Amino acid sequence: MSSRTSGCLEEEDGEEEEEEENYNPTEVKMSQIVMPCHSNHRQELSVGQLLKWIDSTACLSAERHAGSPCVTASMDDIHFEHTISVGQVVNIRAKVNRAFNTSMEVGIQVNCEDLFSDRHWRVCHAYATFVTQRTSTGQKVTLKPIVPHTQKEQVEYSVAAERRRVRMVHDDIIKDLLSNESVQQVDSSVGHDAVAAERTRVESVELVLPPHANHQVNTFGGQIMAWMVNVATIAASRLSQAHPTLRAIDMFTFRGPSQVGDRLLLKAIVNNAFRNSMEVGVRAEAYHEEGPNRHINSAFMTFEVLDDGGKPRTLPRIRPEPLPDSPFLITADLLQPSKEGQRRFQEATARKKIRLDRKYIISRTQGEVPLSVPWDPTNQVYLSYNNVSALKMLAARSSWRLSCEKDQVQLYTLEQKSMLSFKIECEVDVPAHRAFDLLAELSNRPSWDSHYKKCELIQLVDDDDFIYRVVTPSVRHGAMGSPTAANKAEGILQDFILLASKRKPCGSGDPYVIALRSVSLPTHPPTEGYNRGEVLCAGFTILETKDKSLISYFNQASPEVLPYISTDIAGLSSSFYHTFCSCSQYLTRNRL
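So in numbering that gives the first Met the number 0, spot 46 of the sequence shown is number 45, and the numbers just go up one at a time.
Hint data in this document are derived by calculation from the structure and do not stem from the laboratory. Quick caveat, the model's predicted, so the values are computed rather than measured. Backbone N, C-alpha and C define an ideal beta-carbon position, used for all residues, glycine too. Hints may be right or wrong, so weigh each one.
Said to hold, decoys possible - Here are the simulated SDA-like pairs of lysine to any residue, each with C-alpha atoms no more than 25 Å apart in a straight line:
(1) K310 x R118
(2) K503 x D462
(3) K28 x A225
(4) K266 x R246
(5) K174 x L459
(6) K405 x D375
(7) K352 x L459
(8) K351 x D306
(9) K310 x N39
(10) K351 x K452
(11) K28 x E80
(12) K310 x R237
(13) K143 x N100
(14) K503 x D436
(15) K351 x V165
(16) K452 x R588
(17) K452 x V408
(18) K547 x C403
(19) K338 x K351
(20) K28 x A212
(21) K545 x Q584
(22) K310 x N110
Claimed, not checked - If you anchor each label on the Cβ, the simulated ranges turn out as follows:
(23) S236 x G309: 16 to 26 Å
(24) R342 x S398: 46 to 56 Å
(25) R342 x D436: 39 to 49 Å
(26) P210 x S178: 36 to 46 Å
(27) T544 x Q341: 26 to 36 Å
(28) P521 x F273: 20 to 30 Å
(29) P144 x T544: 18 to 28 Å
(30) D170 x Q258: 45 to 55 Å
(31) N90 x P24: 18 to 28 Å
(32) P144 x E112: 41 to 51 Å
(33) D170 x R316: 41 to 51 Å
(34) P521 x R342: 26 to 36 Å
With the sequences and hints as input, model every part of the structure.
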């Protein structure tokens, strides 16, 4: 999963500067000046060396929290935004975002500093998962929970549960995409000008020596990644006949440890070449003097080749590897891809689609119209992740201001640049799990919310995600803000296509979440007689307080939603109070 979501949060208000003062006991900082021995032929820091530093810093942070030895379990997608030159300084900060039972997520921020111009810029942001090593008796070490102290820590803590959810289904996403046959088949007529994938194949062996190992005598995860980058770069160079630039590494998992004395067999091949980028697959296997090879890791890396102006060059086409070698095979046979080559070619196409989906969904900005992202089964996981993450980030903001209050129902507002958000909060005498079940049934909302005229379930995506069509009174020709205002514009309606994503708490202190956002469906285009509205980010959080529930409703107000609440914010009415009272009565009636 991409880390761009959290990156947007860091740039929003400069609140991060206020949080620099807070001490985090798990935070570890590393600063390294880039020397010629760390660089490649272009006098830029090699990505392999950077990965070593990243892994070392993250591991020290994990061990500081666990109080015991830790190993790298996985690394999420890494996007390298800038290169680093010799003489510049790399500043790496790592801290534990959240600890689960025996694993923890570590967030890593990498920045570059130019000592002569005093410029600073971000290079990449990464998330790594570490696990504790078992004790001498074979027992797992149970981790103590992380207690977030700042707004940013609270956001990372909350969204870490969503990232963990995506990691668990990452491999299944590609399998589903391929099984749906929505990925192009191999074009065996690519012609003789295409480069045979077999020409890009690289194999290399490395002997694991003590300098390559950590204090537990296991091979550094960063060292393995550095060796993998090396062979991947050679494979990419063989296709392009130029010096490639590594732009991204997909999420990968370490399948097992390697120790001093092991031989690491590293294999790389270009899986597919697109117009301006190529994917290289790398596999690492470990073996000792005797015994079978052990699969340690596989990774997929995206390379570009830049011209003199820094723009990506057009790359040669790739022909998947041919059928098994034979000196007597005729040319026609050589053009037929093997099943293994075909699989790699198609999976690379699937991974490219997933990368584009993630980038497209996460990079949507508030100023774009329409804001709805097209929904389809292949981007379902990322839309759901983004839906819940956006609501959690909005809820975690620290600058909410109380606008008005009536009988313990509170209305808060939050202004961010040109965006206004509001929060309505109230405590209800209903257990949190019951309130969650009732509010998650969005089709029942018209019975208590006068702003919902109709709510129909369009599609049951899975147990946690649903798509609804909601019809509301329009506000274009009448003021909204009083209980009777909806009748003033009775003849004009607007509709929304909403993705509803619900989540139960991942741990103690977590709220129940019901997140809403607009999506678009080809089966439900805008229709005559309705104004199609957009919901940017909305939903409920439900926090258990003894036998009661603290219910908070959030909405990042779009032009279609703002008029419903503007008179309340201005103090001209208390429609929010009537709506929440109706909600409370609905929950109480159905308490059992």
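Now the hints, each set against the structure:
no.	hint	result
1	K310 x R118	23 Å, holds
2	K503 x D462	12 Å, holds
3	K28 x A225	21 Å, holds
4	K266 x R246	20 Å, holds
5	K174 x L459	21 Å, holds
6	K405 x D375	43 Å, violated
7	K352 x L459	24 Å, holds
8	K351 x D306	22 Å, holds
9	K310 x N39	20 Å, holds
10	K351 x K452	41 Å, violated
11	K28 x E80	20 Å, holds
12	K310 x R237	20 Å, holds
13	K143 x N100	8 Å, holds
14	K503 x D436	10 Å, holds
15	K351 x V165	17 Å, holds
16	K452 x R588	21 Å, holds
17	K452 x V408	24 Å, holds
18	K547 x C403	23 Å, holds
19	K338 x K351	20 Å, holds
20	K28 x A212	21 Å, holds
21	K545 x Q584	19 Å, holds
22	K310 x N110	23 Å, holds
23	S236 x G309: 16 to 26 Å	19 Å, holds
24	R342 x S398: 46 to 56 Å	50 Å, holds
25	R342 x D436: 39 to 49 Å	43 Å, holds
26	P210 x S178: 36 to 46 Å	45 Å, holds
27	T544 x Q341: 26 to 36 Å	57 Å, violated
28	P521 x F273: 20 to 30 Å	26 Å, holds
29	P144 x T544: 18 to 28 Å	19 Å, holds
30	D170 x Q258: 45 to 55 Å	26 Å, violated
31	N90 x P24: 18 to 28 Å	20 Å, holds
32	P144 x E112: 41 to 51 Å	34 Å, violated
33	D170 x R316: 41 to 51 Å	28 Å, violated
34	P521 x R342: 26 to 36 Å	30 Å, holds
When held up to the earlier numbered hints, the structure conflicts with 6, 10, 27, 30, 32 and 33 and fits the remainder.
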